[in-house]
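Position chain R against the provided structure of chain X, taking the given hints into account.
Chain by chain, the residues:
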Amino acid sequence: MTKFIDLTLNGISTGAVYAAVALALVLIWRATRIVNFAQGGMLMLTTFIASDVISSSGSYWLGFAVALVCGLILGAIVERVLMRRVEGGPPLNAVIVALGLLILLQASAGMIWGNTPRSFPPAFSIRGYDVGGTRVLFSPNDTFTVLVVIAVAVGLAALFRGTAVGLKMRAAAFQPEVARMLGVRVGRMFTLGWALAAFVGSLAGLLVAPSVFVGPNQFDPILIFGFTAAVLGGLDSPVGAAVGGIVLGLVLSYVSGYEGSSLVTLAALVVLITVLMIRPGGLFSSTRERRV
Amino acid sequence: MKAVAARIRAPSGTLAQSLGLVCVAAVILFLASEALGSYDDLQLANGAYYFAVLAGLTVLTGLSGQISLGHGALMAVGAYTVALLIGNEHWALVPALAAATATSAIVGTAVGAAATRLRGPYLAGATLAFAIGLPALADKYTGTFGGENGLIINPPTPPSSLGANFPLERWEAWIACAGALVVLFLMRNLLRSGIGRAFRAVRDDEIAASLCGLRVGRVQTLAFVVSAACAGLAGGLLTEVLQLAAPGAFQLQLSLSLLTAIVLGGLGSLGGAIWGAAVLVLLPSWTNDIANSFSLSTRVSANMPLAIYGLVLIVAMLLWPSGIQGALRAIASRVGHRQGRD
Numbered sequence: 001m002t003k004f005i006d007l008t009l010n011g012i013s014t015g016a017v018y019a020a021v022a023l024a025l026v027l028i029w030r031a032t033r034i035v036n037f038a039q040g041g042m043l044m045l046t047t048f049i050a051s052d053v054i055s056s057s058g059s060y061w062l063g064f065a066v067a068l069v070c071g072l073i074l075g076a077i078v079e080r081v082l083m084r085r086v087e088g089g090p091p092l093n094a095v096i097v098a099l100g101l102l103i104l105l106q107a108s109a110g111m112i113w114g115n116t117p118r119s120f121p122p123a124f125s126i127r128g129y130d131v132g133g134t135r136v137l138f139s140p141n142d143t144f145t146v147l148v149v150i151a152v153a154v155g156l157a158a159l160f161r162g163t164a165v166g167l168k169m170r171a172a173a174f175q176p177e178v179a180r181m182l183g184v185r186v187g188r189m190f191t192l193g194w195a196l197a198a199f200v201g202s203l204a205g206l207l208v209a210p211s212v213f214v215g216p217n218q219f220d221p222i223l224i225f226g227f228t229a230a231v232l233g234g235l236d237s238p239v240g241a242a243v244g245g246i247v248l249g250l251v252l253s254y255v256s257g258y259e260g261s262s263l264v265t266l267a268a269l270v271v272l273i274t275v276l277m278i279r280p281g282g283l284f285s286s287t288r289e290r291r292v
Numbered sequence: 001m002k003a004v005a006a007r008i009r010a011p012s013g014t015l016a017q018s019l020g021l022v023c024v025a026a027v028i029l030f031l032a033s034e035a036l037g038s039y040d041d042l043q044l045a046n047g048a049y050y051f052a053v054l055a056g057l058t059v060l061t062g063l064s065g066q067i068s069l070g071h072g073a074l075m076a077v078g079a080y081t082v083a084l085l086i087g088n089e090h091w092a093l094v095p096a097l098a099a100a101t102a103t104s105a106i107v108g109t110a111v112g113a114a115a116t117r118l119r120g121p122y123l124a125g126a127t128l129a130f131a132i133g134l135p136a137l138a139d140k141y142t143g144t145f146g147g148e149n150g151l152i153i154n155p156p157t158p159p160s161s162l163g164a165n166f167p168l169e170r171w172e173a174w175i176a177c178a179g180a181l182v183v184l185f186l187m188r189n190l191l192r193s194g195i196g197r198a199f200r201a202v203r204d205d206e207i208a209a210s211l212c213g214l215r216v217g218r219v220q221t222l223a224f225v226v227s228a229a230c231a232g233l234a235g236g237l238l239t240e241v242l243q244l245a246a247p248g249a250f251q252l253q254l255s256l257s258l259l260t261a262i263v264l265g266g267l268g269s270l271g272g273a274i275w276g277a278a279v280l281v282l283l284p285s286w287t288n289d290i291a292n293s294f295s296l297s298t299r300v301s302a303n304m305p306l307a308i309y310g311l312v313l314i315v316a317m318l319l320w321p322s323g324i325q326g327a328l329r330a331i332a333s334r335v336g337h338r339q340g341r342d
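Taken in order, these protein sequences are the chains called X and R. The first sequence begins at 1 in my numbering and counts up by one. The second sequence begins at 1 in my numbering and counts up by one.
No wet-lab data here; the hints were simulated from the structure. Don't be surprised by glycine CBs; every beta carbon is placed ideally from N, CA and C. Hints may contain errors.
In the SDA-like style, the derived pairs of lysine to any residue whose C-alpha atoms are separated by at most 20 Å in a straight line are [claimed, not checked]:
| no. | chain 1 | residue 1 | chain 2 | residue 2 |
| --- | --- | --- | --- | --- |
| 1 | R | K140 | X | Y254 |
| 2 | R | K140 | X | V264 |
| 3 | R | K140 | X | A267 |
| 4 | R | K140 | X | S262 |
| 5 | R | K140 | X | W61 |
| 6 | R | K140 | X | S261 |
| 7 | R | K140 | X | Y258 |
| 8 | R | K140 | X | V270 |
Short derived list, chain X residues pointing at chain R, Cβ under 10 Å [stated by the list, open to error]:
| no. | residue |
| --- | --- |
| 9 | P91 |
| 10 | L99 |
| 11 | L104 |
| 12 | A107 |
| 13 | M277 |
Just the calculated beta-carbon pair ranges, DEER-fashion [unchecked claim]:
| no. | chain 1 | residue 1 | chain 2 | residue 2 | range |
| --- | --- | --- | --- | --- | --- |
| 14 | R | Q251 | X | A151 | 34 to 44 Å |
| 15 | R | L318 | X | A123 | 34 to 44 Å |
| 16 | R | S297 | X | Q175 | 44 to 54 Å |
Pulled out of the complex, with its shape left as it was, chain X reads as follows (with noise of 0.2 Å):
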């Protein structure tokens, strides 16, 4: 039983951070109609610029708060000079390009930083609470973790209902040409909603450095959960990417608690066609009429 409980809260702390993940790749499909394979690249950098800031000053919320401004900062310079390039053409060359980044950004952190992880200070301890005199699997970073995914989610869904923003971002991805004449800068939509994504993006890395450790490559299992926790949800709704995330989260914790940690690509698998196959776009879509 307490195997069980566990393996809950551990699959509720990961999976908040695939949620963020997958909320970062939701914004920007959205907005867009790309799905951002470059995320994971840029959560990865603006994480090493953090780490770099931290073991430079000493200060943890120093770096926390420049990694996120640099992923706003980033979002927006990639939408503006990349994909504003590729937004609206054959879907596949946005992909490619984003695929693209994503190895050009993680060669680039291999040039600077070197291909060896290194670790990643937590911003809160993460000796597991004591519960009538046993340790559980869930530490004050974990309660971190998921506080902040919430506020972040909660957030987002503020701004786009309740901001005058959010209801210009919201027209301009649902219908771009209708918006522009309406006098809604479009693109300028486009590039906050990327800006956006970002943050929360290197939000995600920022919390989940220091399980998985600092190194151009060890962000990439995030992005494919992430991803995988977005479409199980549904790519058009923010809560199902952070309802996905949670399900993911303690599918693979289970999966991995019981069945060992081999099994669990292929449970993401099974978990996935599972859901697809009842609801075609995932556990939050609409439908949707369809005309020739």
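Here is chain R on its own, set in the frame of chain X:
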């Protein structure tokens, strides 16, 4: 579908044309393999099996409009089938390759049937999960699949009629090129047949196609089966050339680089698949040469080939959105126009 296919039969002479093309290609490949050294013969063999899988993938993605990030795993199915049949059961090469093609086609039927319900990024996600999930089986059943180390088979022996000193690499290149030519012949005919047109109709407009009497789901599944069969053959040839089937060769990177190659080469055409295969084989050695030609620190030079690869992908997509084949066609038509005016 049969009725529609019969009504829009392939233009007469396609079969003869394809046969002629394959014969010309065979002569060129034969002369090339004679002229090349053993290292380049091996590269030729690599290019040949890459062409086999890319031809299938470009039919699936370019013609039938379905994305797959899982073709690396389908290659693994073919590769392990050949390794098991030749290594354990001592089958001859040709039946083993046929079995690899069939096994992959069966797996492809299952994937394709599931794929008919999925579109765009959801299909990408499902096939991605397939690509990372399937190699885990090799780890789980170590006894059968050899775990991380994979399965090793004996190298093929060139027939004694070719002489005692016939290089092994050239023989491997011949085997792989023969497989590639079979794929070229079959795919070229398929593209020009009613089935090829059905693929295109479904890609362009599913609902219009279904109103014309095409069973969209079946057409899409068929595209997946054809493409999986090509991937299985390619995987089998890979095992024969490298004498090894190991999970490390079929990671997600393989699936992603296959997709990259068909888009870079030019989506939907067999010419594009040839360019894609050339890119997959030549680009890594070129980028290595470039990286080694500068005197750089090991940290930089170790990452240089990857950086160039990423940069090439980005620049190529921005400059030639329809790939190498598309760019060549544009140049050819521009030259044609100019000559017409003169």
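Verification of the hints:
In summary, the hint linking R:K140 to X:Y254 is supported, as the alpha carbons are separated by about 17 Å, within the 20 Å threshold. A C-alpha spacing of about 11 Å is found between R:K140 and X:V264, which places the hinted pair at or below 20 Å, so the restraint holds. At roughly 12 Å between alpha-carbon atoms, R:K140 and X:A267 fall within 20 Å of each other, so this suggested pair holds. Between R:K140 and X:S262 the CA atoms are separated by roughly 7 Å; this keeps the pair inside 20 Å, and the hint holds.
At roughly 42 Å between alpha-carbon atoms, R:K140 and X:W61 are farther apart than 20 Å, so this suggested pair is violated. This hinted pair checks out: R:K140 and X:S261 have alpha carbons roughly 10 Å apart, not beyond 20 Å. Between R:K140 and X:Y258 the alpha-carbon distance is near 14 Å, which keeps this suggested pair within the 20 Å criterion. Straight-line distance between C-alpha atoms of R:K140 and X:V270 comes to about 15 Å, which keeps the hinted pair within the 20 Å bound.
With a cut of 10 Å, the hint placing X:P91 at the interface with chain R holds, because the nearest CB-to-CB distance is about 7 Å. Given the 10 Å rule on beta carbons, the hint for X:L99 holds: about 6 Å separates it from the nearest Cβ of chain R. The interface hint given for X:L104 holds, since its Cβ lies 3 Å from the closest Cβ of chain R, which is under the 10 Å cut-off. Among the interface hints, the one on X:A107 holds; its C-beta lies about 4 Å from the nearest C-beta in chain R, closer than the 10 Å criterion.
Taking 10 Å as the C-beta cut-off, the interface hint given for X:M277 holds, the closest approach to chain R being about 6 Å. Taken as a hint, the range 34 to 44 Å holds for the pair R:Q251 and X:A151, whose Cβ atoms sit roughly 36 Å apart. Look at R:L318 against X:A123: about 40 Å separates their beta carbons, and that is inside 34 to 44 Å. Take R:S297 and X:Q175: their Cβ atoms lie about 52 Å apart, and the range 44 to 54 Å holds.
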